[in-house]
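Peer 1: What follows is the residue order along each chain.
Protein chains: 2
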Amino acid sequence: MNDARWMAVALGLAERGKGRTAPNPNVGCVLVRDGRIVGRGWTQPGGRPHAEAMALAEAGEAARGATAYVTLEPCAHVSPRGPACSDLLVAAGVARVVAALRDPDPRTDGTGFARLEEAGIAVESGLMAAEARRSMAGFLTRLAKRRPHVTLKLATSLDGRIALSTGESKWITGPQARAHAHLERARHDGILVGRGTFLADVPKLDVRLPGLADRAPRRILLSATGPTPPDWERIADIADIRHLAGIDTLMVEGGAKAATAFLRADMVDRLLLYRAPILLGGGKPAVEAFGLAALSEAHDRWRLLDSRLLGSDRFEVYERN
Amino acid sequence: MNDARWMAVALGLAERGKGRTAPNPNVGCVLVRDGRIVGRGWTQPGGRPHAEAMALAEAGEAARGATAYVTLEPCAHVSPRGPACSDLLVAAGVARVVAALRDPDPRTDGTGFARLEEAGIAVESGLMAAEARRSMAGFLTRLAKRRPHVTLKLATSLDGRIALSTGESKWITGPQARAHAHLERARHDGILVGRGTFLADVPKLDVRLPGLADRAPRRILLSATGPTPPDWERIADIADIRHLAGIDTLMVEGGAKAATAFLRADMVDRLLLYRAPILLGGGKPAVEAFGLAALSEAHDRWRLLDSRLLGSDRFEVYERN
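Those protein sequences? They're chains G and Y, same order as listed.
Sequential numbering from 1 applies to the first sequence in this note's numbering.
Sequential numbering from 1 applies to the second sequence in this note's numbering.
Please keep in mind that the hints were generated in silico from the structure rather than gathered at the bench.
Each hint should be verified, as a subset may be incorrect.
Stated by the list, open to error - Listed below are the simulated DSS-like cross-link pairs for lysine-lysine, each with C-alpha atoms no more than 30 Å apart in a straight line:
(1) Lys153/G with Lys170/Y
(2) Lys257/G with Lys257/Y
(3) Lys145/Y with Lys153/G
(4) Lys257/G with Lys145/Y
(5) Lys170/G with Lys257/Y
(6) Lys284/G with Lys145/Y
What the hints assert, rightly or not - Which chain G residues face chain Y? A few, computed with CB under 7 Å, are given here:
(7) Gly160
(8) Glu168
(9) Pro277
(10) Gly282
(11) Glu288
(12) Val317
To be verified - Computed, partial: chain Y to chain G, Cβ under 7 Å:
(13) Glu168
(14) Leu183
(15) Leu279
(16) Leu295
(17) Ala298
Backbone N, C-alpha and C fix where the C-beta goes; we use that ideal spot for every residue, glycine too.
Using the sequences and the accompanying hints, generate a full structural model.
Peer 2: Pasting the structure below:
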């Protein structure tokens with residue numbers, strides 16, 4: 001029971017690094033002794049210090065005999081940028097390590113756990129693994145599929161439209177939903193829009209939230225032709241997202257053509273839906289045909305993870321099955 | 001506090017008459033003495049007996065000194081089909097009457113309350129009035145607007161489609177949502193479909209639920225031309241729903257053309273949305289353009305009343321503001 005509670009704290013800390021640690025995973029760590037937190041850490045912008053190093057630095061001598069809750073197996077490889085976290089945990093005298101996930105990075109992949117066990121530290125793995133996989137989806141997708149984890153964001157009316165036939169799209173959703181969408185931007189390494197959306201809106205794709213203005217993700221334009229605007233990167237084809245080094249989480253923000261291209265390639269891992277309580281009738285649909293031949297192909301693809309109201313708009317998160 | 005609890009019971013009983021009492025309102029009544037229910041009634045199929053008469057018959061002598069909770073002002077007019085409920089309540093020796101709504105029917109409209117008060121019965125009105133208005137929306141809309149209360153039912157994908165471009169539409173939603181839609185049919189006096197849906201599906205519009213097979217509503221075909229199929233009624237124009245005697249609640253079930261016509265005329269009072277967790281991309285949109293010139297016209301029309309999951313589909317009820 002308590003283990004899950006502390007791991008939830010570590011997962012919460014891990015969120016702080018989201019969108020700032022690629023190509024490193026955004027890890028969270030909490031050190032607990034006698035039922036109290038003695039150190040907290042999360043992967044710092046750019047990837048260093050690691051979560052464990054930060055938590056141990058905060059705990060100091062209090063780390064001795066503590067339990068470390070980490071969302072990912074502590075690393076076992078020494079790098080020019082810092083020592084291996086498993087060595088740091090041994091040196092600090094930690095008594096027990098509870099990890100959510102084994103690190104699939106071939107440089108670690110079990111050797112972190114082995115080093116801890118050799119030093120007499122009790123090791124457990126797998127607690128809240130599903131949550132941790134979601135937390136580090138960018139890192140894990142890059143390792144497993146050699147491409148970023150892709151989130152498709154759609155802001156629609158009840159009848160699935162993203163603009164009136166006049167092109168008017170500001171605004172479908174209300175201020176709370178739009179603020180939430182800005183927060184989601186801050187959690188991604190990159191944001192992509194298609195050429196039509198770029199030309200129609202020239203979107204800034206910045207993060208208009210107090211204290212998060214510096215968290216604007218990299219801006220990616222999907223366009224086979226045309227110049228690359230200043231402060232933007234351009235890719236000609238969706239397959240090129242593989243080559244976006246340092247972008248492990250990508251949010252596709254618009255428009256229907258880009259959304260459709262990613263769905264057709266089955267490259268959408270997660271859906272964010274913001275749905276306003278309005279009917280539009282005509283206008284631009286959120287998604288165009290992406291190659292379904294039968295309804296049976298449409299079912300059982302998406303699993304609901306979250307659903308709530310943001311003002312009068314419904315926000316839902318789906319994950320690809 | 002207790003008054004609201006008993007009125008909620010009366011409103012629950014009122015639901016039993018839905019779809020079977022037009023042109024009479026579906027009223028609920030509960031008689032309470034010393035904190036216990038001594039009689040329960042609801043408007044019977046065809047409109048008689050009234051809820052109060054049924055509850056008083058059940059209570060017998062126990063009605064003396066009781067409080068009657070009724071969702072509508074007891075009627076004051078004697079009809080060949082039965083005595084006035086306000087007279088029955090007086091004769092039974094009821095001590096107090098709590099009503100949710102005054103009856104706007106000009107034959108009553110306060111005279112029921114007056115008759116009770118003249119007999120020394122304490123009368124209160126207005127408790128849970130909003131709920132009662134929803135419960136008797138058919139009766140009240142017929143009186144106020146001289147047409148049935150119209151519910152538009154839509155079963156869509158997340159992107160607002162009701163069929164693939166191949167026409168395949170069975171099924172978008174799952175079995176729990178479809179069973180719920182059958183229950184909603186039983187609560188309506190009539191169901192309407194347009195010509196396209198009729199020709200494509202020849203829908204039965206029956207109620208395929210155990211014990212409710214006899215609750216099939218009247219079937220209305222919206223079609224300017226063509227023969228009227230057996231067991232169907234046909235209207236040429238949506239304005240003709242005014243002339244459907246005995247239909248005070250109408251559910252529009254399909255397809256996009258019919259939905260669009262009712263929305264264009266601003267004749268949709270309530271929306272039932274069943275939304276499956278699937279994306280379809282191409283295919284038939286649920287609603288076509290119905291004349292919005294700007295997004296501002298789309299906002300603040302619909303108020304969310306209910307939202308829940310039916311299996312993996314989201315069910316939502318909206319009411320026209």
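Peer 1: Take a quick look at whether Lys257/G and Lys257/Y sit within 30 Å of each other, Cα to Cα.
Peer 2: Since the Cα atoms of Lys257/G and Lys257/Y sit roughly 26 Å apart, the hinted pair holds (cutoff 30 Å).
Peer 1: Would the hint on Glu168/G be counted as holding, given a Cβ-Cβ threshold of 7 Å to chain Y?
Peer 2: With a closest approach of 5 Å, the Glu168/G hint holds.
Peer 1: With a cut-off of 7 Å on the beta carbons, see whether Leu295/Y makes it to chain G.
Peer 2: 5 Å, holds
Peer 1: Would the pair Lys284/G and Lys145/Y pass a check requiring their Cα atoms to be no farther apart than 30 Å?
Peer 2: This hinted pair is violated, its Cα atoms lying about 34 Å apart.
Peer 1: Using Cβ atoms only, decide whether Gly160/G comes closer than 7 Å to chain Y, and label the hint accordingly.
Peer 2: 2 Å, holds
Peer 1: Given the hinted pair Lys170/G and Lys257/Y, is their alpha-carbon gap at most 30 Å?
Peer 2: Cα-Cα ~27 Å, so holds.
Peer 1: Does the closest beta carbon of chain G sit nearer than 7 Å to the beta carbon of Glu168/Y?
Peer 2: This hint holds: Glu168/Y lies near chain G, its Cβ roughly 5 Å from the closest one there, short of 7 Å.
Peer 1: Verify the interface restraint on Glu288/G: the C-beta must sit less than 7 Å from at least one C-beta of chain Y.
Peer 2: 6 Å, holds
Peer 1: Between Lys257/G and Lys145/Y, does the CA-CA distance stay at or below 30 Å?
Peer 2: Violated, because 44 Å separates the two Cα atoms, which is more than 30 Å.
Peer 1: Does Pro277/G meet its interface restraint, that is, does its C-beta lie within less than 7 Å of any C-beta in chain Y?
Peer 2: 5 Å, holds
Peer 1: Return the status of the interface hint for Val317/G: holds when the least beta-carbon distance to chain Y is below 7 Å, violated otherwise.
Peer 2: 11 Å, violated
Peer 1: So if I understand the rule, the pair passes when the alpha-carbon distance is 30 Å or less; does Lys145/Y with Lys153/G pass?
Peer 2: Measuring from Cα to Cα gives roughly 42 Å; hence the hint is violated.
Of the hints listed earlier, those the structure fails to meet are numbers 3, 4, 6, 12, 14, in rising order.
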